[in-house]
Amino acid sequence: MRRRHVFAAIAVGLGLPAVCFSGFGCKGSDSATPSGDASTIKIVSSLPRTGSAKGQTDTIVNGIKMALEEVEYKSGNFKIVYEDLDDATAAEGKWTPERESANADQAVKDSDVMVYIGPYNSGAAKNSMPITNKAGLLMISPAVTWPGMTKPGKGDHGEPEMYRPTGKVNFTRVVPADDLQGPLGAAWAKSMGVKTATILDDNEVYGKGIATLFKERCEEIGIEVLGKQESIDIKQNDFKSLMTKIVTGAAKPDLIYFGGTSQTKAGQIAKDMVEAGLDGSKLMVPDGCCELAFIQSAGNDVFKTLKCYVTFGGLPPDQVKGKGKEFVEKYKAKYGKSPEAYAVYGYEAGKVALEAIKRSGKKDRAEILKACLSIKDYDGALGKWSFDENGDTTSRTMSGSIVNPAKGDFDFVAQLDILPVK
Amino acid sequence: MTVRKLPWDLIVVGLLAVLPLIPGLVTGIDRTLKVPIGSELTTLFIMAILALGLNVVVGYTGLLHLGIGAFFGIGAYTTGILMVPSYPFQVSFPVAIIVATLTAAAAGVLLGSPTLRLRGDYLALVTLGFGEVLKFAIKNLEEITNGTKGLNPIPPPKLPGLDADWSADYRYYYFLSLFVLFVVLIVLRNIENSRMGRAWVALREDELAATCMGLDTTKLKLAAFALGAGLAGLAGCLYVVKLGNTADPEAYGFNRSIIALCCLILGGLGNRTGVLLGVFLVLGFDNILAPVADKYMQSLRPTGAEVKDYTTFSFWRLMVFGLALILAMRFRPAGLLPAKRSPTG
Amino acid sequence: MALDLVLFAQSSGNVYAQSLINGLTFGALLALIALGYTMVYGIVELINFAHGDLFMLGTFFALTVLSTLGLTGAGAAGASSGQLIVAFALMILLTPVFCAALNWSVDRVVYKPLRNAPKLAPLVSAIGVSFCFMNVGMFWNAMIPENGKTVPSAADRNFPSLLSNDNLLPDNALKFTVKDAVVIGVTIPIMVALTLFVKYTRLGKAMRATAQNPTAAQLMGIHVDRVIGATFAIGGALAGFGSVVFSLTVNTIGFQIGYQNGLYAFTAAVLGGIGNIPGAVLGAVIIGLIRSFGSVMIGEKWTSALVFAILIAILVFRPTGLLGSRVREKV
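Residue numbers (this note's numbering), protein chains in the order written: chain A, 2 to 423; chain B, 991 to 1335; chain C, 19 to 349.
Take every hint as true, because none was put in to throw you off.
Derived list of chain B stretches under chain A, where covered just means 3 residues or more per stretch with a C-beta under 8 Å from a C-beta of chain A:
#, region
1, 1029-1041
2, 1129-1137
3, 1140-1151
4, 1231-1242
5, 1278-1286
In silico DSS-like links for lysine-lysine, alpha-carbon gap of 27 Å or less:
#, chain 1, residue 1, chain 2, residue 2
6, C, K319, A, K155
7, C, K167, A, K335
8, C, K319, A, K308
9, A, K75, A, K377
10, A, K80, B, K1285
11, A, K236, A, K308
12, A, K95, C, K319
13, B, K1148, A, K169
14, A, K253, C, K319
15, A, K359, A, K322
16, A, K169, A, K359
17, A, K135, B, K1148
18, A, K359, A, K75
19, A, K377, A, K322
20, B, K1024, A, K135
21, A, K305, C, K167
22, A, K152, A, K135
23, A, K371, A, K155
24, A, K75, A, K331
25, C, K167, A, K95
The hints are simulated quantities; they were obtained by calculation from the structure and are not laboratory data.
Keep in mind that this is a model prediction, so the values were computed, not measured.
Glycine included, each C-beta is placed from N, C-alpha and C at the ideal position.
Here chain A stands alone, though its shape is the one from the complex (with noise of 0.2 Å):
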């Protein structure tokens, strides 16, 4: 190409962007799209629903249309409209940066949109968070639990202002975030006996904000913990080799702590222990692994000889009261089976923003917004709450259940955050 077609490509290139830029402000925003119906209200989800959060997510999406088809996807004048979107991708195979942005993009350029509910990964969270609170657009979140999102000083450097680009709160979420899940399993370990554990954790945002918030607790009450923190490679087949190291270590754990989920190979976790002849050892695992996918994945003889204990924000399905109870024999009738544990978190968020909408009586974000922060004293599925300065849930209920093998699920054993202290 010659000299002179160069320059004059370059003198366009250069050109054509100026006189954009130029006439931005003549242009008025292309932002919203102007609402096609005003009395249409759309509630959004964004959550994984390719891949191998898929089961998981199906059931936070059947509670979110429970909550929905008990009001007939009408709330006063207003007719409720659902969308599902996926925030992961088949070339992935997990939630993506770039789909959870453009999921809250499109939610916020959609005017009709009033709530959006998600992310279901903390990691995703921090992308569609800086975006939605732009708009004022309301979030609830079923199932992030990383405290740094919402807790001052509880988080990295900076968290979560980062989040707040107004400075004001638009992200709420419906399930006790970790700080307190952490903790209470220590508290819980120490009361049933355990003296040493060993810790380990699946190197993702979830896993290893739990597992080191657990090894703090340890710490301060008095179980030693063997070794170091030990992150997985999620990709392995298996776990053997860790397993001979922590066996020819210089004692036995009285417990192991995994910090994970049933997708980020928990179920193997717990077969190497068994099969590396650390089946004496306790195993524990926080509310990621709370589902029948954990106990199938590992199947039902290890944990003939392994005790596994599960903890999990809430109380499970056999226990609730109240208007819990009422969720579960819906959930029951409908699907023929019991809800897993995020459904009822699901059904609480949609009833939630269903509240929200109904207390503000208005379409509008705004006015949307400060209907749900301001919600005290809530009776729902999860038990009495109300959401606090941060957007967090005062909820501190937390149980801990005991995998039987008889059964192939969870079995409860006590509610964790009335533990008496020792």
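Fit chains B and C to the given chain A structure using the hints.
Below, chains B and C alone, put in the same frame as chain A:
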């Protein structure tokens, strides 16, 4: 000028530049498809720069590179380290973009130097290995990279004379990325027709003959690695600035490299316009078509029914993608738009 | 990392021996998959990215066999030894046949039309086949019920533990279980058989000839196309044996296991010298050992990075792999 000789890649860029200026067009597409098309296109531009970088190594020089994701990551994290508040640097965007590109290019030379003796698929494996090592380094060296939590937040560019809220309107990032893509295309165009470009072709066709003709194959290979890595680093910088954080380390792994390679080979190896086409098809499918199809299938389903796996589009995504690749290769093995001088065998 | 090494030194001496056993058994398993990679590459110069996923489909086939016999879930516990023997026999006979047939068919349909195409076209097709296999794996997972219930398609699947975990060694400090014995007991005879096959049989010689120079082989009257098909079939069968051994010893399968194992197997094949059969075995064993020792000495999260770092180092000094022959370029 014949149709073939027209600078199609620049024409496409020109059309894309005009797209947002047509009033109502983008908003209209947004509303019908329910996908933020402007933002998605910006991502495609950034990935196009990445694919063009890979094209330099695989297309022009004929070296199979399976680790371009690593250099994407190097550019991304360099930008992150230079721009986030948790580090004391906090440089401006133009400085960050230059440093990121140069760092990635330097890393490219670093990878290239010890591997010059390797042929074909052995080189492929080394590049793959390097990609994996780097991904794990990013994931595990938490003190530097913050591991899976990522570096957060990356402030939007502050360009002189432009005081605007970058996240409010997609057009800022859109035009920035499009402009960079445009410059990259011009630069590549000139390199292709230069002495080095022709030397690369000679190297690709027959390395032994090229050496006999007096070409310094070492310098040429290193130059190819450097340029390819540099472009990948450039793309990485734009990627994290647009996103506002450095995302999950998995985004810089083998998957990214393989998808980039697929875009390249599907579109047409060695052909800039082909690369653009490949990126639009492959990533357009994943980022634009798949969500649209998903929503369409959702709208067909009666509300309240239980979501069954196989009634969602996302369940079949992998297979559709795979079949598309197989069919495309079956009927157009040299790519949809093969290069004028196709690499042989 | 330094703390890990200190702890490692402090732990009992058994950790070396146990890591050795772990490494060798994993290496043997990997070798079966690596052999398939190396044979196909040797003959058509194709990196068959779908090979790992073929292995994954083999594991689901094996699970289907068990499911038909009623040995999954609760059924596995109450199986009699007669039933178990029938199950093993069926799995070990049928799975390799399935994988061989599948691999052969994919070659006929997808790769054969691309024999004369630019080199990267079959590579991208293989990537496409890999994605398709993964989707089929997801679907298959949901098709096999567990205790009467459908399992979520994308979740890890438990494979019944039919082999006992009893230690064959008297002293319980070191574990060499029945499972480890099965791995070694199946892989070594197969590798020996393969080496003899390639060296002494007509087809084996034809394969070597085709790998060396397809045109000359054709001139010699070798039906090159059939030989290529046979190579794919044999490579597939090897992956099939690998599937059965893997399922019985690791006891967890899922639609994504093909990715990681395929990556390691491909690395093993290249490490040993791609196209070289003993090389693939050597490479696999080395990777297995790096994996087990690396995990204990440096930390579980660095093992993969370590494998690749060592690979790069070896290739820099031996550019054609450990046992690969230097190919002299013909002018």
